[in-house]
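Dock chain B against chain A, hints included.
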Amino acid sequence: MNSTLAGSQCLHQRTGLNRKLLLGVALMGFTAGGGISADPLPPDATYRPLPTLPLDVVRRNDEGAKPAVQRRQQNLLNERYDLADRPMQGVKMSGGRKGVQEGVRVKLRPGSSWESLANMTPEEIKEQGLFPAGFMPLPHVKQLTGGQVFPQNQIDAIGDAEDRNLKRFDVDFDLPDHLTPEFPAPIFLSNRPDLGDISGGKLLTIRNYYAMTVGILTPVQIEGLRLLLTPFPQEEFNQTEDRKVAEQSLGVACLDCHANFHTNAAFHLTPDVRPQAARFRLDTTSLRGMFNQQIHGSKRSLRSVEDFTEFEQRTAYFNGDHVSATRKGVHLPDRPNQVAMMAQMQNMIDFPPAPKLLPTGKLDPTKASARELAGEQVFMGKGQCAGCHIPQTFFLDHMMHDLKTERFYKMGQVFNDQVALPDGPIKTFTLRGIKDSPPYLHDGRLMTLADTVEFFNLVLGLKLTAEEKDSLVAYMLTL
Amino acid sequence: MSRFVSTFILAGSCALLASTGFAQEGANPAGMSPDTPGKEAAMPAPEGSNNQDKLFVRQAALGGRAEVELSKIAQKKASNASVREFADRMVEVHSKSNQQLLRAGKGLNPDLPRDLDPEHQRVRDELQKASGQSFDIAYISAQIQDHQRTANLLQWHISMGQNEALRKYSMQTLPEVMAHLEHAKQNYAMLTQGAGSAR
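Line by line, the protein sequences give chains A and B. Throughout the first sequence, residue numbering follows numbering that gives the first Met the number 0, covering 0 to 478 in sequence. Throughout the second sequence, residue numbering follows numbering that gives the first Met the number 0, covering 0 to 198 in sequence.
Extracted from the complex, chain A is given alone in its bound form (with noise of 0.2 Å):
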């Protein structure tokens, strides 16, 4: 009874401030919806505009500007990582090849310590500009262009192994190898544990993916591994005169960038956002674990790997521009049947071996160190890393959330073309595996483990210690 005339005195109280906000809101009605208004922007706003130069002045153009444009991300670059080669000691990627990176390399801005930034409110961050430019959104090599960019080494291997040329000659790839990840990785199926890595530390191309997989995968599989590797055209690596390389290109392959179905530290900018400027970086995500993936694209949300793995094809690999796409020849996998093979084929890929962790993902007391499960607490209570990335679910919610990071920085400020905006909600990544896919976030704007967890630290008011730290770490290399 009460509450009812509580509510209904709300509602009377309310009828005069909703007149008022009923105008108001006609009036925006009236603005933005009248015959004649203010004019758009141009279609170039969201549409890739037709070339209008030839394209060896475009190249001589591009070929130009390279060095003064390698040079900026660079500058970039040094102003907000320490990029030195400092791996860790008795630690490697699950090849055993290659190191992981220790320490925080995102640099402090002068006159703050982790220790000061951790005490104070995002507001006093803002104002006083102490955000680390290293948490902040990571431009592309060249943003007004953007594409997609390859490491060397995988440019390497494509050219050796196939003879197609993955280098563009209007940038290259801006971060050393050494904060990449193990080239070639390491391949585990989830049909066969029993093997380990089947890649004998080679890279899956279209010249060699038979012999290395006959007798262990299905017919479906080897079908939808051979279009996996089949290059289709793309944006920048195509046969019209509106392309980044040289001579006329058959395309790319999706394990161009998921080399070894895994990650090769290839960037892209996000198909999601528009005007050019305000298009986020997307770092290479691994596709270990696809299987018990639910969701798919950092923004879009898609529900199968069968609609992600088609619609790629559908807007040569990450435009958002089926009309670019069109024009350089897309390609339409048949659904039923090749992207069908495709998807299965991805689902059978699984993440290297965790000997510490047990079946529900916890880690063994009996195998673990006193570090690990110090880190493992941490993980799972004061650090709040377990309320999304949840240990039985493959550390995965299958849920996009938003770190509102903005709350730390002033909007709309421009580094290297790009606009600084929110990232708004992004989905969870798993960490299984995790020390093998570094740099770290959706756009790889975090060079080591221990840059996620002062991000995290400082972004979700944590107030960790130097040991708690220390322990998280520890613990992230057991996953």
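These aren't lab readings, by the way, just hints derived from the structure by calculation. Hints should not be assumed to be uniformly reliable.
Here are the simulated lysine-lysine pairs, DSSO-like style, with alpha carbons at most 27 Å apart [unchecked claim]:
{"id": "1", "chain 1": "A", "residue 1": "K327", "chain 2": "A", "residue 2": "K65"}
{"id": "2", "chain 1": "A", "residue 1": "K125", "chain 2": "B", "residue 2": "K95"}
{"id": "3", "chain 1": "A", "residue 1": "K403", "chain 2": "B", "residue 2": "K184"}
{"id": "4", "chain 1": "B", "residue 1": "K71", "chain 2": "B", "residue 2": "K95"}
{"id": "5", "chain 1": "A", "residue 1": "K125", "chain 2": "B", "residue 2": "K167"}
{"id": "6", "chain 1": "B", "residue 1": "K184", "chain 2": "A", "residue 2": "K125"}
Quick look at chain B alone, frame taken from chain A:
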């Protein structure tokens, strides 16, 4: 109230630019016209300009002028102190910004009509009729839309423009415009007790 005042101060301060000389590295050849001025074919001169620069100057000048004129009405008619403060700030900042724009875009001769564009004329008519809190809400609603549009216009120009001075103008202006948009949204929430308002 002090929260709003501090936002004003924040909004007024200039963004730090990470680097200079961006036009030559940044200009996207895809958006470059064949007659782009430059020392060599297709090497854009920093002082050169493209069609996008010209269109930008026109659109930004139109928007900026409407901003000042509508906010001058609000300076007289707004009943809420925070909305009046917002209007004061808009008149001051956008008057200055409009002059900077015309200086940076000198020689591009934007073909501006004498009066406001039809859409803003209609907003002006509505504002002149409204009063009290409905005026405040109508003014802030229009401000939200205009700042959304301006933020997008600036981001587009940063993406597609060529002229170095104009792109620098856009980069310096964008953080301010986005802070104004945040502030306008806060004001709207306060006036309407809507999403994001303190309860």
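Structure-based check of all given hints:
1. A:K327 / A:K65: holds (25 Å)
2. A:K125 / B:K95: holds (25 Å)
3. A:K403 / B:K184: Holds. A:K403 to B:K184 sits at ~17 Å (cutoff 27 Å).
4. B:K71 / B:K95: holds (14 Å)
5. A:K125 / B:K167: holds (23 Å)
6. B:K184 / A:K125: holds (19 Å)
Going through the hint list in order, the structure satisfies each hint without exception.
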